[in-house]
Amino acid sequence: MRKFLNGPWVLLMPTLIILTCVVLLPLLLSLWTSFTPFKLTKPDTLYRFVGFRNYERLIGDLDFWIAFGRTVLFLAIALNLELVFGLGIALLINKITYGQRTLRTLMMFPMMFSPILVGFQWKYIFNDNIGLMNNFLREFGVIQPIPWLVDGILANVSIMAAEIWSSTSVFAILLLAGLLGIPKDPIEAAKVDGCNSWQVFKNITLPFLMPFVFIAMTIRSLDVARAYDIVQMMTGGGPAKRTELLWTLISRTGYVDAKMGMANAMSYISIFLSIAFTFFFFYKLVEARQRLSYE
Amino acid sequence: MNKKQINNILIWFSAIILIILIMTPGLWVVLTAFRPQVDVMAKPAVWIPRNLNLIQFETMLFGGSEGSMGRSPIPVLSYLRNSLIISFTSTFIAVLVGTIGGYGFARHNFKHKNKYFLLIMLTRTIPGISLSLPIFIIFSKIGLIDTHIGIILVFVALNIPFTIWLTDGFFRQIPRAMSEVAMTDGCTKIQAFWHIELPLSRSGIASAGIFAFLISWNEYALVSNLARSTDSKTLTVGLMDFTAQFTINWPGMCALAVFIIIPALILTFMVQKHLVTGLTFGGVKG
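These protein sequence lines are chains A and B, in that order.
Under the working numbering, the first residue of the first sequence is numbered 1, with each subsequent residue one higher.
Under the working numbering, the first residue of the second sequence is numbered 1001, with each subsequent residue one higher.
FYI, nobody ran anything at the bench for these hints, they're computed from the structure.
It cannot be assumed that every hint is accurate.
Quick list of the computed label-pair ranges, beta carbon to beta carbon [what the hints assert, rightly or not]:
no.: 1; chain 1: B; residue 1: His1195; chain 2: A; residue 2: Arg291; range: 35 to 43 Å
no.: 2; chain 1: A; residue 1: Leu24; chain 2: B; residue 2: Lys1004; range: 21 to 29 Å
no.: 3; chain 1: A; residue 1: Gly88; chain 2: B; residue 2: Gln1191; range: 45 to 53 Å
no.: 4; chain 1: B; residue 1: Phe1092; chain 2: A; residue 2: Ile96; range: 20 to 28 Å
no.: 5; chain 1: A; residue 1: Gln290; chain 2: B; residue 2: Asp1231; range: 49 to 57 Å
Capping the alpha-carbon separation at 25 Å, the derived lysine-lysine pairs in BS3-like fashion look like this [claimed, not checked]:
no.: 6; chain 1: B; residue 1: Lys1004; chain 2: A; residue 2: Lys184
no.: 7; chain 1: B; residue 1: Lys1004; chain 2: A; residue 2: Lys95
no.: 8; chain 1: B; residue 1: Lys1111; chain 2: A; residue 2: Lys95
no.: 9; chain 1: A; residue 1: Lys191; chain 2: A; residue 2: Lys202
no.: 10; chain 1: A; residue 1: Lys284; chain 2: B; residue 2: Lys1115
no.: 11; chain 1: A; residue 1: Lys259; chain 2: B; residue 2: Lys1141
no.: 12; chain 1: A; residue 1: Lys202; chain 2: A; residue 2: Lys284
no.: 13; chain 1: A; residue 1: Lys191; chain 2: B; residue 2: Lys1113
no.: 14; chain 1: A; residue 1: Lys191; chain 2: B; residue 2: Lys1141
no.: 15; chain 1: A; residue 1: Lys184; chain 2: B; residue 2: Lys1141
no.: 16; chain 1: A; residue 1: Lys184; chain 2: A; residue 2: Lys95
no.: 17; chain 1: A; residue 1: Lys39; chain 2: B; residue 2: Lys1115
no.: 18; chain 1: A; residue 1: Lys259; chain 2: A; residue 2: Lys241
no.: 19; chain 1: A; residue 1: Lys284; chain 2: A; residue 2: Lys259
no.: 20; chain 1: A; residue 1: Lys259; chain 2: A; residue 2: Lys42
no.: 21; chain 1: A; residue 1: Lys202; chain 2: B; residue 2: Lys1003
no.: 22; chain 1: B; residue 1: Lys1004; chain 2: A; residue 2: Lys284
no.: 23; chain 1: A; residue 1: Lys42; chain 2: B; residue 2: Lys1141
no.: 24; chain 1: A; residue 1: Lys202; chain 2: B; residue 2: Lys1004
no.: 25; chain 1: A; residue 1: Lys284; chain 2: B; residue 2: Lys1113
no.: 26; chain 1: B; residue 1: Lys1189; chain 2: B; residue 2: Lys1111
no.: 27; chain 1: A; residue 1: Lys39; chain 2: A; residue 2: Lys241
no.: 28; chain 1: A; residue 1: Lys39; chain 2: A; residue 2: Lys284
no.: 29; chain 1: A; residue 1: Lys202; chain 2: A; residue 2: Lys95
no.: 30; chain 1: A; residue 1: Lys191; chain 2: A; residue 2: Lys95
no.: 31; chain 1: B; residue 1: Lys1189; chain 2: B; residue 2: Lys1113
All residues carry an ideal CB built from backbone N, CA and C; glycine is no exception.
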């Protein structure tokens, strides 16, 4: 007992109890539900086991796979662009000596916006009737309003713009922190030895930045699902499912169609997707960290 | 002009474009909240703001002045009250539990420590909408749907992982020797924690708290499904509800958006410095 009180477990106990009750047990229920035809309108169906029927149906469900593919593609494009823009911004701010702190603070502006708010402001900007975008274009002679949130491709681009606006600063801020911590000596030495700035960047700056890239990626992958809020606000997955992501599909299936069993089967797939993303970047982070400490 | 000057001009030019891209969307929303409806709907657009007023805010808070459409259709005060109660309570509990947990991780070595840490972080990975489904089923069975307690409970679980991540980083920056010296001088472990480690990591804990508050304040996916009425709907859910309507009162919605952004704005600027150090420290030094 004394040993227990002095050990770490007594300190971790409250955390573990809360996470078990609010996350782990619901996830088990969710797993069970995905093996039943549970509908909110028919409570008895919660106790009817049907095996993998929901999952089998999902495999043949084209709507689901389109939403799944769109989600993966969306994340791949958004995360890569955020990384590239974030790196560019970090390098830019790093070059500026006068007013650097102010710039850094301004950079944090999008980070405090709730995803719902991000969705709202971009819905307003891309509004085809009174939005900033179309008003602006009209000044240049584009009289016909562009249906930003109605056209399939444009709607996806608009949502992507909102997503990138809201999350690029996470990368910029963390990468800037990395840049500021780079020791100056190796860079000076390389320049004396005749390296040009691209070589310095590629061989010294970038390897040193890698752990920060993966920290940013890990942190970002924890909350990729906030794109749900943005999409829900801007288009609700519509029009005609053209911007449907996995998460909006889950929400529609579970709460609108009341097909809880099916929605839980989908949500298990979405959980594995998120965990896979996080695991991948965390693993990369550990790897990059080790490589750095060897050198 | 030499090469260096041209370089400098280019850098400043890009910086200015960057600032414009970052600031415009938010500022446009704030500006709209103060503009008359006629100007917002005008075509061609009115670019120079004129006749700025507080009508939207008056309508929202005091139920409309004379001559306007009467009582505000948006129960902003209920939303605001719910947001404040839920965010403050869940932050307090999450910081309490998370700090203790973070201390446990920072000061103890045990088997599979990194795996437990990762496991706790992974609970944060689960998409809100996926987690909301089973919680919705459980809460409707035990009567916690549409209550403050239910939502607070979920938010506490949501905020604990990040609080642990941040406080663990801050506790590890404090040399172990300090509390060890205090303990050889006769302090108990709890006294050493209370008098030495806690005060030293005060700013770190405060920023973890503000961070947790912001996450609760901004959350939507979970609340929107666990809250059913003005008894527990928060500001974000309110904004969504009224923006989904067929005819949107844009200046009114923008005023509501301003209500959401102001507390977040103030709090983020307070913690910005600690946040970056906290996150990167925990990550790089492993």
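Which numbered hints does this structure break?
Going through the list in order, the structure violates hints 2, 4, 8, 13, 14, 15, 17, 19, 22, 28 and respects the others.
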